[in-house]
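**Q** Sequence:
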Amino acid sequence: MLEFLSSIMASLGELAMSIGMKLIYAVILLIVGFKLSSMLCKKLEKSKSFAKIDASVSKFLLSILRFGLNAIILISAALVLGVPSASFIAILGSAGLAVGMALQGSLSNLAGSIMLVVFKPFKVGDYIEAAGVAGVVEEINIFYTIINTVDNKRITLPNGTVSNGIIVDYSSNETRRVDLTFGAAYGTDVAQMKALMLQIAENHPLVLKDPAPVALFTTQNDSSLDFVLRVWCNSADYWTVNFEVLEQVHAAMLNAGIEIPFPQMDVHVKND
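The sequence shown lines up with residues 1 to 272 when you count with the numbering used here.
Just so you know, the hints here were simulated from the structure itself, not pulled from any lab data. Computed from a prediction, not measured in an experiment: that's the story for all the values here. Where hints are given, some of them may not hold.
[What the hints assert, rightly or not] In silico BS3-like pairs for lysine-lysine, Cα to Cα no more than 25 Å straight-line: (1) K59 / K48; (2) K123 / K153; (3) K43 / K59; (4) K123 / K46; (5) K59 / K120; (6) K35 / K22; (7) K123 / K59; (8) K123 / K48; (9) K48 / K153; (10) K43 / K123; (11) K120 / K153; (12) K59 / K153.
[To be verified] Taking CB as the label site, the calculated pair distances span: (13) A256 / I167: 39 to 49 Å; (14) P211 / L40: 25 to 35 Å; (15) A55 / A185: 44 to 54 Å.
Ideal placement from N, C-alpha and C gives every residue a C-beta, glycine not left out.
Take these sequences, add in the hints, and give me the full structure.
**A** See the structure below:
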């Protein structure tokens with residue numbers, strides 16, 4: 001009886017030793033593997049050849065590489081622990097199906113990432129408007145696009161939503177047109193108002209000469225005569241031109257004695 005118990009204890013000790021060693025090897029493999037994976041990705045990111053790739057594509061490729069390397073490390077650790085490869089593949093297949101059904105949104109984001117990288121509707125550094133958000137693109141990774149807004153908020157947009165929606169890229173073209181509308185009171189000299197707007201536009205250093213600025217009399221509203229000033233500028237100067245020309249035309253109207261209207265109604269009372 002004692003010999004039988006001793007045999008069982010010896011077998012359990014050998015089993016525990018075997019499992020313990022495998023567990024230690026697996027932990028070492030995970031630690032070393034993740035460390036090497038991180039070092040490889042960082043070294044690749046800083047390499048000269050990788051720096052030549054567009055920033056949008058490079059960040060996406062790094063995300064894919066990091067995800068793939070970590071997956072290989074996890075699978076290797078599981079094999080070291082003694083998980084049979086056939087069983088492991090079956091488990092992965094079942095888990096993949098379950099995860100795929102549970103993460104349909106994430107898979108949609110992955111597909112969206114591929115669409116964004118392939119068709120390049122925008123790139124890192126562009127000022128865009130997408131999914132109701134406007135800002136500068138900081139990163140396009142495997143699932144999300146990171147945007148910094150003008151008031152320095154960091155917003156994460158799912159790539160599936162971005163790729164399936166309307167995208168406005170304000171940085172893709174070198175120049176943009178600024179359209180400004182001004183209202184003047186009835187009785188204003190139309191020619192005088194147009195000349196005033198054109199003078200302000202032509203004297204502004206950031207307004208382009210070609211195409212030339214255009215001043216138009218557009219609408220007779222209930223309380224005002226509406227004019228539109230259209231000028232072209234470099235995309236980077238858009239908001240500067242917008243605000244400065246708006247302010248300067250407003251000041252010039254006041255100096256010229258042109259009345260700036262406000263909504264009003266005339267009421268006529270008849271006494272029977």
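**Q** In ascending order, which of the hints set out earlier in this document are inconsistent with the structure?
**A** The structure breaks hints 9, 14; every other hint is satisfied.
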